[in-house]
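Peer 1: The primary structure of each chain is shown beneath.
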Amino acid sequence: MPSWIQQAAHRGILTSRYPRVAASEPDEIPLTARGPLPTGPIGPAAVDGCPVGAISPSGVDQGRCVRCARCLATGFRFGAPIEMAGTSPASLRTSTVAPAPSGAGSLAELGRSLHVFLVDVGSCNACNLEVLALANPFYDASRLGIFFTNSPRHADVLLVVGVPTAAMIEPVRRAYEAIPAPKAVVAIGACPISGGVFRGQPGLRSSLDELVPVDLFVPGCPPAPTQILDALLTLAGRGRRER
Amino acid sequence: MSPVVRRVGAADRFDLTPDRALAYAAPDGAFALYNDYTENASWLVPGAASGSVSEIAANWLGGGDDGPTRRLAPREAVEGYGTFTFPYGPISMGVPESGRFDVVTYGERVLELTPVGGYKSRRILPSLAGATLADAALRVERLAGNVSASHVAAFLAAAESAEGVAVPTSELWTRAVAQELQRVYNHVHLLARIAEAANQNVGAAQSHALAEELLRLQGRVFGHRWSFGALLPGGPPRRLDGPGRRSLAEDLRRRREEFEELWELFLDSRTFIDRIQGTCPVPREAAVRWGAVGPTLRACGVPWDDRLRVPVAPYTDLFVPLPVERDGDALARLLVRVQEVRASLLLLEQLLDRWPAPGEAPQPAAPPVDPGRGLGRVEGPSGDLVYDVRVAGSRIAAVGVRTPSDANWPVFASGMRGAVFTDFHFALESFGLVFAETDR
Ligand code: SF4
Ligand code: SF4
Numbered sequence: 001m002p003s004w005i006q007q008a009a010h011r012g013i014l015t016s017r018y019p020r021v022a023a024s025e026p027d028e029i030p031l032t033a034r035g036p037l038p039t040g041p042i043g044p045a046a047v048d049g050c051p052v053g054a055i056s057p058s059g060v061d062q063g064r065c066v067r068c069a070r071c072l073a074t075g076f077r078f079g080a081p082i083e084m085a086g087t088s089p090a091s092l093r094t095s096t097v098a099p100a101p102s103g104a105g106s107l108a109e110l111g112r113s114l115h116v117f118l119v120d121v122g123s124c125n126a127c128n129l130e131v132l133a134l135a136n137p138f139y140d141a142s143r144l145g146i147f148f149t150n151s152p153r154h155a156d157v158l159l160v161v162g163v164p165t166a167a168m169i170e171p172v173r174r175a176y177e178a179i180p181a182p183k184a185v186v187a188i189g190a191c192p193i194s195g196g197v198f199r200g201q202p203g204l205r206s207s208l209d210e211l212v213p214v215d216l217f218v219p220g221c222p223p224a225p226t227q228i229l230d231a232l233l234t235l236a237g238r239g240r241r242e243r
Numbered sequence: 244m245s246p247v248v249r250r251v252g253a254a255d256r257f258d259l260t261p262d263r264a265l266a267y268a269a270p271d272g273a274f275a276l277y278n279d280y281t282e283n284a285s286w287l288v289p290g291a292a293s294g295s296v297s298e299i300a301a302n303w304l305g306g307g308d309d310g311p312t313r314r315l316a317p318r319e320a321v322e323g324y325g326t327f328t329f330p331y332g333p334i335s336m337g338v339p340e341s342g343r344f345d346v347v348t349y350g351e352r353v354l355e356l357t358p359v360g361g362y363k364s365r366r367i368l369p370s371l372a373g374a375t376l377a378d379a380a381l382r383v384e385r386l387a388g389n390v391s392a393s394h395v396a397a398f399l400a401a402a403e404s405a406e407g408v409a410v411p412t413s414e415l416w417t418r419a420v421a422q423e424l425q426r427v428y429n430h431v432h433l434l435a436r437i438a439e440a441a442n443q444n445v446g447a448a449q450s451h452a453l454a455e456e457l458l459r460l461q462g463r464v465f466g467h468r469w470s471f472g473a474l475l476p477g478g479p480p481r482r483l484d485g486p487g488r489r490s491l492a493e494d495l496r497r498r499r500e501e502f503e504e505l506w507e508l509f510l511d512s513r514t515f516i517d518r519i520q521g522t523c524p525v526p527r528e529a530a531v532r533w534g535a536v537g538p539t540l541r542a543c544g545v546p547w548d549d550r551l552r553v554p555v556a557p558y559t560d561l562f563v564p565l566p567v568e569r570d571g572d573a574l575a576r577l578l579v580r581v582q583e584v585r586a587s588l589l590l591l592e593q594l595l596d597r598w599p600a601p602g603e604a605p606q607p608a609a610p611p612v613d614p615g616r617g618l619g620r621v622e623g624p625s626g627d628l629v630y631d632v633r634v635a636g637s638r639i640a641a642v643g644v645r646t647p648s649d650a651n652w653p654v655f656a657s658g659m660r661g662a663v664f665t666d667f668h669f670a671l672e673s674f675g676l677v678f679a680e681t682d683r
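Residue numbers (our numbering), protein chains in the order written: chain E, 1 to 243; chain L, 244 to 683.
Take the hints with a grain of salt, since some may be wrong.
To be verified - Derived coverage of chain L by chain E (criterion: at least 3 residues anywhere in the stretch with Cβ under 8 Å from a Cβ of chain E; other residues may be distant): (1) 443-451; (2) 466-475; (3) 558-568.
Note that these hints are calculated values from the structure, not bench results. Ideal placement from N, C-alpha and C gives every residue a C-beta, glycine not left out.
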């Protein structure tokens with residue numbers, strides 16, 4: 001009789017070897033997970049064609065980009081580094097790219113596992129599911145000492161997804177207050193970095209750092225699980241693969 | 244139920260019988276969606292909806308709660324000795340999206356559970372007015388990311404009908420591929436979530452692994468794990484040429500084998516089946532009365548699926564299986580989804596096998612309901628999804644929508660009456676509800 005164990009054994013080891021080995025493409029990093037980069041001078045067609053104003057003559061603001069691919073027709077390609085978490089929205093502009101150093105944020109000195117609490121402040125649900133995918137056997141974040149917790153009191157890291165709505169301002173602040181120090185906040189996806197496709201809509205905040213102090217910003221719409229994992233490892237002061 | 248409890252309020256104003264009309268947010272207020280489950284007739288009746296339907300719309304869609312939040316299902320007033328109400332949420336354990344559940348209980352049993360939304364409202368619909376079709380579609384596909392393909396397909400169908408344009412056949416087929424892939428993903432993901440709630444750790448892990456493989460598959464074919472951009476002009480390049488289709492078909496055969504092995508093991512797990520059997524039952528009458536859609540409706544024996552009842556190309560040319568169960572409980576809803584995974588894989592096989600030849604004549608869009616106004620209706624993973632789009636020139640004038648979650652939140656709430664709170668998570672997952680769909 002087949003059993004769960006046999007079935008699991010039959011499927012072999014699924015778990016990624018990231019970050020010891022580079023993330024695989026397109027499986028772990030599909031085409032649009034890498035941000036767009038210009039292949040030549042940036043013309044007005046590219047600037048005007050970007051639906052979220054992410055392109056300027058000097059480069060691409062990866063924190064605004066929603067990976068719609070329209071700029072491919074005006075000489076861009078998806079080729080930005082996979083590991084792109086930055087310590088400020090400004091650090092995500094590729095003309096002035098300033099990748100977060102390992103240990104950015106305050107949790108490197110903990111020298112132990114990280115407990116993560118997820119809060120949705122107005123997402124489309126895709127970012128939530130990408131964060132939760134870190135628990136599936138392909139990423140198995142627990143192998144790297146990263147665990148999800150259901151209580152902010154047991155957490156070190158607040159992961160925030162979505163564009164902040166008025167109704168979620170108080171709840172996210174309360175969740176932040178409830179986490180004991182030392183703690184860190186990670187903004188996942190274009191929504192909490194820049195408002196994403198909802199930027200400038202009445203009643204919404206365009207950036208999470210207006211509400212709580214943010215340590216790392218992870219661009220993407222949504223970022224791939226590996227990119228979220230990279231941000232958490234960066235916080236914990238552990239190695240990154242690329243750049 | 245405790246004898247000291249009596250229901251003092253009435254949910255009658257939400258009672259949609261006998262016309263089985265379902266209010267939805269139209270650009271100009273209430274619309275009624277009539278589903279006559281006994282015949283093929285089913286369509287939207289604009290404007291002059293009956294008084295009761297307008298009132299339902301006002302209560303249901305227009306707030307009726309404090310501040311920016313709103314009830315997603317009617318609340319009956321329940322009172323009695325020892326009852327108390329506690330709000331669960333908006334950040335609640337085991338529910339990854341933000342939303343609230345107001346629970347009335349006297350201890351163990353749930354007397355009333357009212358989902359409350361609005362925490363994630365992004366005011367997407369009003370923001371679409373004045374946008375180009377392409378810009379509007381970017382926001383529509385981010386209305387609810389895990390079911391983006393169904394939203395974009397319904398939105399585009401409505402807009403194309405409003406504009407009276409013809410659509411290339413291969414585009415319609417690509418929409419179907421994206422929708423069926425997402426249906427399979429969502430159904431497998433729900434299986435994983437239910438297994439998780441039932442502490443079936445190995446089964447949950449294996450199902451989550453299969454769900455991940457299905458996201459990777461979307462990533463390979465469409466360049467994006469959630470198929471964002473896949474159905475839009477100027478989106479990422481697709482891999483649906485001859486070799487791309489062959490490798491997708493090959494991949495799907497492997498996923499099918501994995502799924503069958505997995506499901507066989509679940510069926511062997513008596514504890515799993517026992518845990519979900521009888522949980523959160525929705526009798527057929529209740530499902531019809533509340534206007535249930537999708538697997539929730541089909542799990543109560545009602546054979547309704549938009550792909551058969553209001554079909555558009557390519558579903559008109561394909562064999563579409565229609566799985567139906569009788570018991571209306573969490574197990575029945577899961578059994579419908581399991582059979583739909585097989586059905587969608589079969590549909591994908593047909594789609595990839597019979598891909599339209601290049602140069603095939605474009606298909607005319609459905610005739611507009613009014614000049615400049617079109618309706619698009621597709622069967623999303625959790626059920627009937629309707630878009631109502633008005634255009635003015637080359638821009639969007641107004642958009643209304645009725646999502647499967649709008650329809651099914653009240654059904655979930657009705658199923659939870661009398662349940663024990665420990666059933667909450669299986670019950671919730673078995674409906675496939677998405678707060679983002681109602682908090683749009
Ligand atoms: S991918 Fe889209 S959002 Fe990103 S820079 Fe290019 S055009 Fe702008
Ligand atoms: S960043 Fe993109 S994927 Fe994430 S919640 Fe916002 S719209 Fe959805």
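Peer 1: Hint by hint, say whether it matches the structure.
Peer 2: Status of the hints after comparison with the structure:
1. 443-451: This one holds; 5 residues, not fewer than the three required, reach chain E with a Cβ under 8 Å.
2. 466-475: holds (count 7)
3. 558-568: Coverage by chain E is violated for the segment 558-568 of chain L (0 residues, Cβ < 8 Å).
When held up to the earlier numbered hints, the structure conflicts with hint 3 and nothing else.
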